[in-house]
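There are 2 protein chains.
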Amino acid sequence: MKITYLDHMSANPLLPEVKAAMIDAINQDFGNPSSQHTVGEQAAEVLDRARGQVADLINCREPREIVFTSCGTESVNQAIKGIAFAHGDKGRHIVTSNIEHNAVIRSLRRLKAMDYTVTSVSVDDLGKVKPDDVANAIREDTILISIMHSNNEVGTLQPIEELVRVAKEKKVPFHTDAVDSVGVVPVDVQKLGVDLLSFASNPFYGPTGVGGLYVRRGTRIFPLLDGGVQEHNRRAGAENLVGIVGMGVAAELAKKEMTGRIGHSLKLKEKLLSELPNYIDEFIINGHSTETLPNLISISIKYIEGESVVLMLDDEKIAVSTRSACATGSLRTSHVLQSIGREYADAQGTLIVTFGKENTEEDVIRFLTALRDVVKTLRDISPLYRKSSPTAGLPLP
Amino acid sequence: MKITYLDHMSANPLLPEVKAAMIDAINQDFGNPSSQHTVGEQAAEVLDRARGQVADLINCREPREIVFTSCGTESVNQAIKGIAFAHGDKGRHIVTSNIEHNAVIRSLRRLKAMDYTVTSVSVDDLGKVKPDDVANAIREDTILISIMHSNNEVGTLQPIEELVRVAKEKKVPFHTDAVDSVGVVPVDVQKLGVDLLSFASNPFYGPTGVGGLYVRRGTRIFPLLDGGVQEHNRRAGAENLVGIVGMGVAAELAKKEMTGRIGHSLKLKEKLLSELPNYIDEFIINGHSTETLPNLISISIKYIEGESVVLMLDDEKIAVSTRSACATGSLRTSHVLQSIGREYADAQGTLIVTFGKENTEEDVIRFLTALRDVVKTLRDISPLYRKSSPTAGLPLP
Chain L
1 MKITYLDHMS ANPLLPEVKA AMIDAINQDF GNPSSQHTVG EQAAEVLDRA
51 RGQVADLINC REPREIVFTS CGTESVNQAI KGIAFAHGDK GRHIVTSNIE
101 HNAVIRSLRR LKAMDYTVTS VSVDDLGKVK PDDVANAIRE DTILISIMHS
151 NNEVGTLQPI EELVRVAKEK KVPFHTDAVD SVGVVPVDVQ KLGVDLLSFA
201 SNPFYGPTGV GGLYVRRGTR IFPLLDGGVQ EHNRRAGAEN LVGIVGMGVA
251 AELAKKEMTG RIGHSLKLKE KLLSELPNYI DEFIINGHST ETLPNLISIS
301 IKYIEGESVV LMLDDEKIAV STRSACATGS LRTSHVLQSI GREYADAQGT
351 LIVTFGKENT EEDVIRFLTA LRDVVKTLRD ISPLYRKSSP TAGLPLP
Chain S
398 MKITYLDHMS ANPLLPEVKA AMIDAINQDF GNPSSQHTVG EQAAEVLDRA
448 RGQVADLINC REPREIVFTS CGTESVNQAI KGIAFAHGDK GRHIVTSNIE
498 HNAVIRSLRR LKAMDYTVTS VSVDDLGKVK PDDVANAIRE DTILISIMHS
548 NNEVGTLQPI EELVRVAKEK KVPFHTDAVD SVGVVPVDVQ KLGVDLLSFA
598 SNPFYGPTGV GGLYVRRGTR IFPLLDGGVQ EHNRRAGAEN LVGIVGMGVA
648 AELAKKEMTG RIGHSLKLKE KLLSELPNYI DEFIINGHST ETLPNLISIS
698 IKYIEGESVV LMLDDEKIAV STRSACATGS LRTSHVLQSI GREYADAQGT
748 LIVTFGKENT EEDVIRFLTA LRDVVKTLRD ISPLYRKSSP TAGLPLP
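Residue numbers (our numbering), protein chains in the order written: chain L, 1 to 397; chain S, 398 to 794.
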């Protein structure tokens, strides 16, 4: 039986056009883009073309504002540590939010051990940062504000334009982790006004292990990877040409097909949300209802464990997740769900469903049908459920 | 006309088996190795297999001593900065050599701006580090010794085992940049005794944009990329699975074919070195004659500019280089050639020829024939040549 894949946040399949471009790149045996001979020049042209495609997707003023990296995590580390190290003599204070991805949180934790200080602003119960809170957090020695574009667990989109206005008034560089937004919803670096923006290729059906960092021209930043002169001296190391070619093609397609993809996701999302009460009861939908990623639904289901649901759905060949794949193995409850006010037990019962291009309404119904059975089975053996619902069914024999 | 490619140091073509494995990986649409469902588990198995293949190539005690990175440069940055940041409270002194790759030099330069100090030992005129010099450079506060396994410009192999013995006596962690050695000559981390060893996939016909760092079990090191729990918590970020699969297959082939590949390179090298005097005069062969990479020849040709030779040979569809591709665009003369005592003018006239599996004796003769003409043309218009050789031919009309 085919797998019903509803975990596009963790990994997206490659588009046929992306596969074809990568296979072609493999077969071409490109040289080193830094070499001075013709073999190298051909590789440099391929790199330029991909840079143009990616720059176009987020509306860069010039392609060289894009630095190719090996993943969204590298982009985030590069942005945060690169700014911190370059401006450390001016100040050592950074403002962030309570619901960032681990790449941001742990980069900041690393800096804290190096005498930087961090102010983390809270979010409301829909996951929104309040611009006033950011304004109040800025100090004389603030050198960076880093607030995500969209949240990877509940989908909420932040008011980046407003936040950037606050930052600009105080002349503080602004970075946004847009890994789950770029190629999924419209992202325009000119309109947003950000100085740095992190993204990755896989959310828009490009390969994993390729990312990018937008660095507005004139932004003072140190490289994270020191060495050769690649990426206009901003990221040393031999380029993953095959992956970069794939990301370029994926970026071009994402731009062209974005409206259609968003419409498709929203249709599935509405279907799931409207049908869900017919299949299970006692759940909470997390995040903002409209200012959110079109392809993500976060559901906290009462009296069960999300991990058990994932494993039991997996037996039915349905793939969903409980949280960011980057946090797998961590036993702690989600800091995002805690920040928006979910109680511990509800946070533990959370599922994240993320749609992709190939999903259908049948996938939604198949998921809901399986979910109903799984939730019933788990609640039947849940002490929490029996305690709070004395009339609930007895445990299975 | 087919290109005679003699610049395998800059970029190697992929082996057919590596291409096939990568194309298969592209077509499989692997999930995220960190996901908890079956799709993710399949990806995790693929990652494990590649880790085993790579661990086997350098004789790790256990595969998890391998951390996959995005390139040799990242491996080197990770090793040096990761150790420096983890041991910064114990001491801030690092020992290195004068002929390291830019990835090492510039990582150390970055650390110097963060209150670390560096002692760089000189090399002899064949490019060898003397163990006594390293012993004398070690101080109470030395936290790392980083000396390359083989030099990327002149090929000289360092006495790593001896150097490690010196380091072990003083209990200082030892890192070696083995990017141009792993998969090219036998590298055995048990025999060498190193704590950290950087390598990349392309020198053994794997894809660019994939590298690895060997970290001996028990070595205290901080991640360079903070975020998720990938790579046993030592390198966050979504994995470049397609590239890693390619590196795994390339590693397995490199181990199997190493003796044959070395023999093939040595035959071509001997041919070139024995024939060279029949084609040009007044040149110097750089580096050690036996303790050296089998696939590399560095020739300093008097009274000419290496860059002009590269461009003129390129017109003849022959690809060679003057130095590391990572240093292209830099106008400064090679620090490696200066360190082994080459004068400025001779350093500028240096060519690096690197052989690969597919090269033949005909390639050597084709290169030598073209080189003879190019050198004659350039010397005829060289004021240096006319000054030092008053009987040399007049400039071309």
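Worth flagging that the hints you see were computed from the coordinates, not collected in a lab. Please note that the accuracy of each hint is not assured.
What the hints assert, rightly or not - In silico DSS-like links for lysine-lysine, alpha-carbon gap of 30 Å or less:
hint	chain 1	residue 1	chain 2	residue 2
1	L	19	L	255
2	L	19	S	567
3	L	302	L	191
4	S	664	S	568
5	S	487	S	399
6	L	302	L	255
7	S	664	S	416
8	L	112	S	653
9	S	527	S	568
10	L	267	L	168
11	L	317	L	357
12	S	664	S	399
13	L	19	L	302
14	S	509	L	171
15	L	357	S	416
16	L	128	L	302
17	S	568	S	653
18	L	128	L	376
19	S	487	L	19
20	L	128	L	112
21	S	527	S	487
22	L	128	L	317
23	L	112	S	487
24	L	90	S	509
25	S	588	L	112
26	S	567	S	653
27	L	90	L	112
28	S	664	L	19
29	S	664	S	653
30	L	90	S	527
31	S	567	S	588
32	S	416	L	2
Everything numeric in this text was worked out from a predicted model, so none of it was measured.
Just to be careful, I want the Cα atoms of residue 664 of chain S and residue 568 of chain S compared with a cutoff of 30 Å; is the pair within it?
Violated. Residue 664 of chain S to residue 568 of chain S sits at ~41 Å, over the 30 Å cutoff.
Residue 19 of chain L and residue 302 of chain L were given as a pair; does the straight-line alpha-carbon distance stay at or below 30 Å?
41 Å, violated
Check whether the Cα positions of residue 588 of chain S and residue 112 of chain L lie no farther apart than 30 Å.
Between residue 588 of chain S and residue 112 of chain L the Cα gap is close to 39 Å, so the pair fails against 30 Å, i.e. violated.
Under the criterion that the straight-line Cα-Cα distance not exceed 30 Å, is the pair residue 664 of chain S, residue 416 of chain S satisfied?
27 Å, holds
Distance restraint between residue 357 of chain L and residue 416 of chain S, which requires alpha-carbon spacing of 30 Å or less
28 Å, holds
Has the given pair, residue 128 of chain L with residue 302 of chain L, been kept, meaning a C-alpha gap of at most 30 Å?
Given pair residue 128 of chain L, residue 302 of chain L holds - Cα atoms ~24 Å apart, limit 30 Å.
Pair hint residue 527 of chain S and residue 568 of chain S, alpha-carbon separation not exceeding 30 Å:
19 Å, holds
Residue 567 of chain S paired with residue 653 of chain S [C-alpha distance capped at 30 Å]:
Since the Cα atoms of residue 567 of chain S and residue 653 of chain S sit roughly 37 Å apart, the hinted pair is violated (cutoff 30 Å).
Between residue 112 of chain L and residue 487 of chain S, is the straight-line Cα distance small enough, at 30 Å or below?
The given pair, whose Cα atoms are some 18 Å apart, holds under the 30 Å limit.
Given the hint that residue 664 of chain S pairs with residue 19 of chain L, test it: the Cα-Cα distance must not exceed 30 Å.
40 Å, violated
Could you grab the alpha-carbon distance between residue 302 of chain L and residue 255 of chain L and see if it respects the 30 Å cut-off?
39 Å, violated
Take the C-alpha atoms of residue 567 of chain S and residue 588 of chain S, compute the straight-line distance between them, and say whether it is at most 30 Å.
19 Å, holds
Hints 2, 3, 4, 5, 6, 8, 10, 13, 17, 18, 19, 22, 25, 26, 28, 30, counting from the list given before, are not met by this structure.
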